[in-house]
Amino acid sequence: MSRTILDVHILHTVPPSNINRDDSGSPKTATYGGVRRARVSSQSWKRAVRLAFRRTLDDSQLGERTKRIGEAIAARIADLDPELKDRASALAADVLKASGLVKKEAAAKKSKGEAAANSDVESGYLMFLSHRQQENLARAAIDAERTGEKLDTKQLQKLADTDHSIDIAMFGRMLADVPDLNVDAAVQVAHALSVHAVDNEFDYYTAVDDRKLDNQETGAGMIGTIEFNSATLYRYATIDVDRLHETLGDADATREAVTAFLKAFATSMPSGKQNTFANGTRPDAVMVRLRDTQSVNLVGAFEEPVRERQLGERSGMVAEAARKLADYTTEIEKTYGDPAVAAWITHVGSRTAALAPLGEVLPLPDLVSAVGTTVAGRLGTPA
Amino acid sequence: MSVLLLRLAGPLQAWGSTSRFTQRHTEIAPTKSGVIGLLAAARGQRRTDPLTELLGLGFGVRIDQPGQILRDFQVARSLDGRDSMPLTNRYYLSDAVFLAAIGGDSELLDGLHEAVRRPQFPLYLGRRSCPPVVPVTLGVRPGTVAEVLSDVPWQAAKRLRERGPSTVRLEVLLDAPPGAEVTETLQDEPVSFDPAHRQYGWRAVVRTRVLAPNPDGRPPVAAGVPGGIALADHDPLTWL
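For the record, the sequence lines run as chains L and P.
Residues in the first sequence are numbered consecutively from 1, following our numbering.
Residues in the second sequence are numbered consecutively from 1, following our numbering.
Since the hints were derived computationally from the structure, they do not count as laboratory data.
The reader is advised that the hints may include incorrect statements.
As the list claims (entries may be wrong) - Just a few of them, taken from the derived set where beta-carbon distance is under 8 Å, the chain L residues facing chain P:
1. Thr66
2. Glu145
3. Asp177
4. Asp180
5. Thr238
The beta-carbon is built from N, C-alpha and C at its ideal position, and this holds for glycine as well.
Let's have the full structure, built from the sequences with the hints guiding it.
So, in structure tokens, the structure goes:
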């Protein structure tokens, strides 16, 4: 079987920022190559991608991850059949209980602090269902109500296991109560790491009390600190196109999922402290490599941290990172004798020119559609 | 008896054996269930497929570069931001390098070597967000797990190898041979990965040390030589 694996490698510089922080408010870090690096967790960036999907994809291609699953299905029931509006919550509860998706105890629990009228079912964990699955369950509830037939668990579980949305197929889902309905993720996202050593810095600030100004009083209204760092990040994700195709069951949908992911992964960023630092930047370089053997994470290029000065010369982090990434890519593929089947590069300016010989150089929208066309071709449907 | 060698390295790895709920732990070395799971994934086995052939394999792991424990604090929220889930702590090992040895029939191991080179499912080091640095497989060699783990050169980062002595003493965790005296037990013997009834058995493990060659290291200098640095492995416990 021919395999199709897309590796996405991104060099992305962020100025002073704190896009992903831990419980003490510090930017996340990790040690690699013996030095501390800036880190952005994979979960954080995946959430940014899912939020970006909402701007680019149709609602019907997406899913929703919520505990308030009863509320979601009740709203669909009321939408589909306004006559059942008053009983929508009860019907939604019935269908969820019958499906086994929500355990009985959890189902009985009512939302905290709300009137008894609100008896929407909540799941014990964030339940990831596609909008189409929600709609199918709502329809099943309405049909059962109209015909008086009993809700069938098997049938309902099947409804929750077909019509998967793009985000479910990409990132997978785990339903603790019904493991048969789990979906294995087709996308693997690594934690983003800076290509160089970083130290977190502290911004000490004072805030002035507007009224005190009039009274010529001295002293700050409050003081505090914010931690931040700046970094050139190496970001890596890999899409198992065959797995995606298997879950979505359709070549067109797979192509759409791939292109949506590439666009979203390249241009999104977790929103942490964005208003404080206005750190929204675009990647310096995006390299997509199509492979048919195995995905290859190229973070090894940066195990020895990049230094801003090489041999006494100021070359800059980005240029040095691009050079290292290009050399390492060539070396790895030569050493193991399995070059990429196809490769595309989007890069900004001359600093990242070292990557240009590694693939077809295109602006991002063209890269995305070129990858989409190739993927569709490999799945056996002409673009 | 042959041995398949895997080099497990990457910025982050996580090898859980006892995690429940919001604290997701990692052991300090790869678990047998984690590595067998990686091999099964490489072969394209589903979680529900029986592990038959993979159940009887021997296992040993050498800690070439112990790395550091990293705590990753995480919050989960629904997409609309209204619901938040319990706060979780996920523990990782950062900057670690391990050598895992799988002992068994050479034909089966050759197949596994090929599978890791062209895996059906993407590989990861214990947690999906931890892709490995290639190459993962170093091939199949003759010998027992314990023998091979003391033959293979030290796999740590270059900067450490160049600074180290020409022979290094490394910690290994091996399946305990029958009748072994000092053992500890780990619940990481895979029985089934089926999400409906995941099962791990207990495994007796001996923790010992081996001497491994380090061709990149400096030749040993006798202790006490003026100007020389005592590079011989320093183990204060030998004085007890």
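Taking the hints in turn, this is what the structure says about them:
no.: 1; hint: Thr66; verdict: 4 Å, holds
no.: 2; hint: Glu145; verdict: 28 Å, violated
no.: 3; hint: Asp177; verdict: 11 Å, violated
no.: 4; hint: Asp180; verdict: 7 Å, holds
no.: 5; hint: Thr238; verdict: 6 Å, holds
Hints 2, 3, counting from the list given before, are not met by this structure.
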